[in-house]
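Given only the sequences and the hints, what does the whole structure look like? Please build it.
Number of protein chains: 2
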Amino acid sequence: MNRDNTADKLGKSGSRSKGRVTLSDVAKVIGVSAITVSRALNDPEKVNPKLRVRIEQAVAELNYVPNRAARSLATSTTQTLAVVIPTISNTVFSNVLKGIYDYTTRHNYEVLFASTYYSLQNEEKLIAKLLAQHPDGIITTGLDITERSKAMLLSANIPLVQIMEVGTGDVIDMSVGFSHFDAGASMAKYLIEQGYRNIGFIGAQMDFRSQRRMQGFLSTLADAGLETDKYLLTTTTPSDIKLGGQLLADLMAKQPDVDAIFCNNDDLAYGAIFECQRRKLRIPEQIAIAGFNDLDASASINPSLTTVKTPLYEIGRSAAELLINTLKGRPILSKTLDLGFELIVRDSA
Amino acid sequence: MNRDNTADKLGKSGSRSKGRVTLSDVAKVIGVSAITVSRALNDPEKVNPKLRVRIEQAVAELNYVPNRAARSLATSTTQTLAVVIPTISNTVFSNVLKGIYDYTTRHNYEVLFASTYYSLQNEEKLIAKLLAQHPDGIITTGLDITERSKAMLLSANIPLVQIMEVGTGDVIDMSVGFSHFDAGASMAKYLIEQGYRNIGFIGAQMDFRSQRRMQGFLSTLADAGLETDKYLLTTTTPSDIKLGGQLLADLMAKQPDVDAIFCNNDDLAYGAIFECQRRKLRIPEQIAIAGFNDLDASASINPSLTTVKTPLYEIGRSAAELLINTLKGRPILSKTLDLGFELIVRDSA
DNA sequence: TCATCTAATGTTAGCGCTATCTTTTAAGAG
DNA sequence: CTCTTAAAAGATAGCGCTAACATTAGATGA
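Going down the list, the sequences are from chains A and B.
Okay, so the first sequence: first residue is 1 according to our numbering, each after it adds one.
Okay, so the second sequence: first residue is 1 according to our numbering, each after it adds one.
Treat the hints as calculated values from the structure; they're not laboratory data.
Heads up, some of the hints might be wrong.
Because identical chains share one entry, a pair is satisfied inside a single copy or across any pair of copies.
Said to hold, decoys possible - Derived DSBU-like pairs: lysine-lysine, alpha-carbon spacing no greater than 35 Å straight-line:
1) LYS254 with LYS129
2) LYS46 with LYS129
3) LYS98 with LYS125
4) LYS28 with LYS125
5) LYS98 with LYS242
6) LYS129 with LYS50
7) LYS28 with LYS150
8) LYS242 with LYS28
9) LYS50 with LYS189
10) LYS230 with LYS50
11) LYS125 with LYS50
Right under this line is the structure:
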C-alpha cells in the first residue's frame with residue numbers, strides 16, 4: 001500500500017504522534033493559530049470568509065482529517081450512539097438498526113453496535129465495553145436486564161432508550177416499542193373469531209418478548225375456554241425457516257386435529273407453510289397459519305401470510321430521535337412511545 | 001433517570017470534565033499514582049498482586065469506566081474497525097457484518113459501520129466521516145471506488161480490505177471475496193448442461209457485482225451459441241421478493257418460450273417461484289428457476305432452490321482477521337483471498 | 001479626537017490517558 | 001555488609017483538540 005508522506009514533509013518523525021496531519025500543521029502552513037483553523041471547520045461564521053477559504057484549501061491539500069478522539073477528549077462528547085441488540089443477522093433487528101442508522105447518520109452521529117446473542121450475561125459485558133467509548137446515548141433491547149447492567153447504565157449518566165417493547169417492567173429512562181402481550185392477544189382473538197378452535201402455537205428462541213407474545217396469545221385462548229397447553233410447542237433453539245417446518249411436523253404428529261397455528265415469527269411461519277405445501281395440506285382450509293412481524297416475503301408467499309406488522313424501522317428511528325433530541329436539549333413529549341402493531345389479514349388464516 | 005453522584009463526591013464539579021470518574025480518582029482513593037492504576041488495568045503482571053487487587057476493588061466500587069478517547073489520543077490507536085457496506089437491511093450484508101462483528105469483538109475491537117446505499121458519492125462522504133474516527137483498519141465493499149475515496153484511504157495509512165469480490169480491478173491493499181463473473185458463468189454452464197436453451201436472466205439493483213455475474217452468465221451463453229439479449233430483463237430498482245415475481249411476469253410476457261431463469265439473487269428467485277406457483281407453472285418442468293447466495297429459505301422453499309452458495313459470513317470473518325493480523329504485525333499469507341463459491345443443485349433447476 | 005463597541009484572532013490550559021524515563025524498593029550474590 | 005540486578009512504582013510530558021478568557025484591529029459616533 002502506498003503511504004502518504006505529507007506528515008514526513010512536515011517533519012514530525014521524531015514525535016510520539018503517528019505522523020498524521022494535525023490542526024496545527026494546517027495552522028502553520030497558513031500562518032494562523034490552531035484555534036482559528038478549528039473554528040473555520042466547526043464554526044465557520046466566526047472566521048473571516050477569505051481566511052476561511054484559504055484554510056479550507058490547505059485542509060484539502062494536506063488531506064487533513066480531524067482526530068475525533070482528541071475532539072472527544074476536549075469536549076467530552078463523542079457524537080456516538082451505542083446500540084445493543086440480540087443479533088444483527090436477524091431481519092427484525094437489521095431493520096431496527098437501519099432505522100437507527102438512518103436517523104443517526106443524518107444528524108452526524110456514529111453508531112457503535114454490539115450483539116448479545118440473547119444472553120443477559122453477554123449484555124452486561126457489552127454494555128461495559130460500549131460505555132468505555134463514552135457514547136453520548138445508548139439503545140438497548142428489551143426491558144429485562146440484570147441489576148449490574150442497570151447500575152452501569154445509570155451511572156453512565158447518558159440518555160438511554162430501551163427498545164422493542166413497552167408496557168412491561170420498569171423503564172430505566174425512555175422506551176419505544178409496542179406491547180407483545182397485546183399483539184399475541186390480538187392474533188388469538190382474530191383466530192377465534194375466524195372460528196378456529198384447536199389453535200396451536202409454535203415458537204423458537206423464546207426470548208422474553210416471544211414469551212410475552214405467547215402469554216398474550218394463550219391467555220386469550222384461555223379466556224375463550226380453549227385449550228392452551230395441548231397445542232403448544234416451543235423450543236429455545238434459535239429460530240429459522242427450516243425449524244418452522246420441523247415444529248409444524250412435530251406438532252401435527254402430536255395433535256393431528258390442530259386447525260390453526262400461530263407461529264412466533266414470520267420465519268417459522270414460512271417454514272410451516274413450506275412444510276404444508278410438501279404435505280399437500282390446504283391452507284387455510286385444512287390448517288391456518290399465522291406469523292409475526294410481516295417481513296418481506298409474507299405478502300408474496302403462497303398463500304399470503306396473515307401476520308402482525310410491527311414497526312421495526314420506526315422503532316429504530318424513534319429511538320435514535322429520542323436520544324438525539326434529548327442530547328440537543330429539545331423537549332421530549334413522552335419518555336415512553338408505544339408505536340403499536342397492526343394485524344395484517346391475508347389468505348393463510 | 002437517577003444520576004450517579006460518585007463524581008460529585010470526589011469534588012470535581014468546577015472542572016471542565018463531565019464529572020466522570022477518572023483514573024486519577026481511583027489512584028487518589030488508593031494512594032498510588034495514576035500510571036499505576038493504568039498499568040493494573042492494562043498490564044496486570046506489571047503491578048504487585050496485592051496492590052492490583054486493591055485497585056480492582058476500587059475500580060469496581062467507584063464504577064470507573066476508562067475513557068477510550070483519552071486512551072486513543074495517548075496511544076494513537078482506537079481499537080476500532082470501520083466498515084462500509086451498501087446497506088444493512090439486506091441479508092447478504094448483515095451476514096457479512098455478522099462475520100466481521102464476531103471476529104472483531106473476540107479480539108477486542110469495536111465496529112463502526114456505514115451504509116452507502118449503493119452510491120459511490122455517498123461512499124466518499126462516509127469514508128471521510130469514518131476516517132475522522134481514525135479507525136485502526138477499514139473494510140469497504142467492492143473494487144469500484146472513486147479516485148477521491150482511494151486517495152483518502154491511501155493517505156489514512158491504515159490497513160484496508162475490500163470485500164465481496166476478487167479478480168477484477170485494482171486492489172488497493174487487501175481483498176477477500178470470490179469471482180462474480182465466474183459464479184455467473186458456472187450457473188450458465190450448469191443450466192446449459194441440463195439442456196435448457198432459452199435461458200433468461202432477471203436482475204435488480206444491478207450494482208457492479210450484479211453486472212459482473214450477469215457478464216459471466218451471458219458470456220457463457222454466448223460461447224454456447226445461445227441467445228443473450230433476448231431473455232434478459234434488468235432494472236436498477238432495489239431488489240426485493242415482490243420484484244422477483246414482477247420481473248418474471250414481465251419476462252414471460254415478452255418471451256413466453258423462456259425455459260430457465262437465473263435470478264440475480266435469491267430474493268428475486270423466491271418472488272419468481274411464488275409467481276410461478278400462482279400461475280401453476282411447474283418448476284422445473286415448465287420453467288427452471290435459479291438463484292444466487294443460498295439464503296436461509298432456499299433449502300426450504302418449494303421446489304427447493306438451485307442456487308450459488310456464497311461465503312458471506314466467511315468473507316466478513318476473513319476480512320476482519322486480515323485486518324487484525326496486519327495490525328498485530330502477524331504475517332499475512334496472501335493479500336488477496338478468493339473464498340470461492342459453490343453451485344448448490346436442488347429441485348428448481 | 002478619543003472612548004466604545006464589535007469582529008476576528010490569539011493564548012493558555014486542560015480534557016484523561018500512557019510512553020518514556022527515573023527513582024525507589026526488594027532480592028540475591030559474593 | 002556491600003554491590004548488583006530486577007521488580008515495582010512514580011514523575012513528566014505530550015497525544016490533538018477546544019473552552020474560556022484575552023488581545024488586537026477596525027468601525028462608529030459624539
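Hints, one by one, checked against the model:
1. Taking the shortest alpha-carbon separations for LYS254 and LYS129, neither the intra-copy value of 46 Å nor the inter-copy value of 57 Å comes in at or below 35 Å.
2. For the identical chains of this complex, LYS46 and LYS129 are inter-copy neighbours only, at 23 Å across copies versus 38 Å inside a copy, given an alpha-carbon limit of 35 Å.
3. Taking identical chains as interchangeable, the C-alpha atoms of LYS98 and LYS125 lie at most 35 Å apart whether they share a chain (24 Å) or sit on different chains (18 Å).
4. In this assembly of identical chains, the alpha carbons of LYS28 and LYS125 lie at most 35 Å apart only when taken from different copies (26 Å versus 44 Å within one copy).
5. In the homo-oligomer, the alpha carbons of LYS98 and LYS242 lie at most 35 Å apart both inside one protomer (26 Å) and across protomers (20 Å), since each shortest distance falls under that limit.
6. Within a single copy, LYS129 and LYS50 get their C-alpha atoms only as close as 45 Å, which misses the 35 Å cut-off; across copies the closest is 25 Å, which meets it.
7. For a Cα distance limit of 35 Å, the shortest separation of LYS28 from LYS150 across copies, 27 Å, qualifies, whereas the shortest one inside one copy, 48 Å, does not.
8. In this homomeric assembly, LYS242 and LYS28 never come within 35 Å of each other (Cα to Cα): the closest approach is 64 Å inside a single copy and 58 Å across copies.
9. Taking CA atoms no more than 35 Å apart as the test, LYS50 paired with LYS189 passes in neither setting, with 69 Å inside one copy and 63 Å between copies.
10. For the identical chains of this complex, LYS230 and LYS50 are neighbours neither inside a copy (79 Å) nor across copies (59 Å), given an alpha-carbon limit of 35 Å.
11. In this assembly of identical chains, LYS125 and LYS50 lie within 35 Å of each other by CA distance solely across copies; the values are 25 Å between and 51 Å within a copy.
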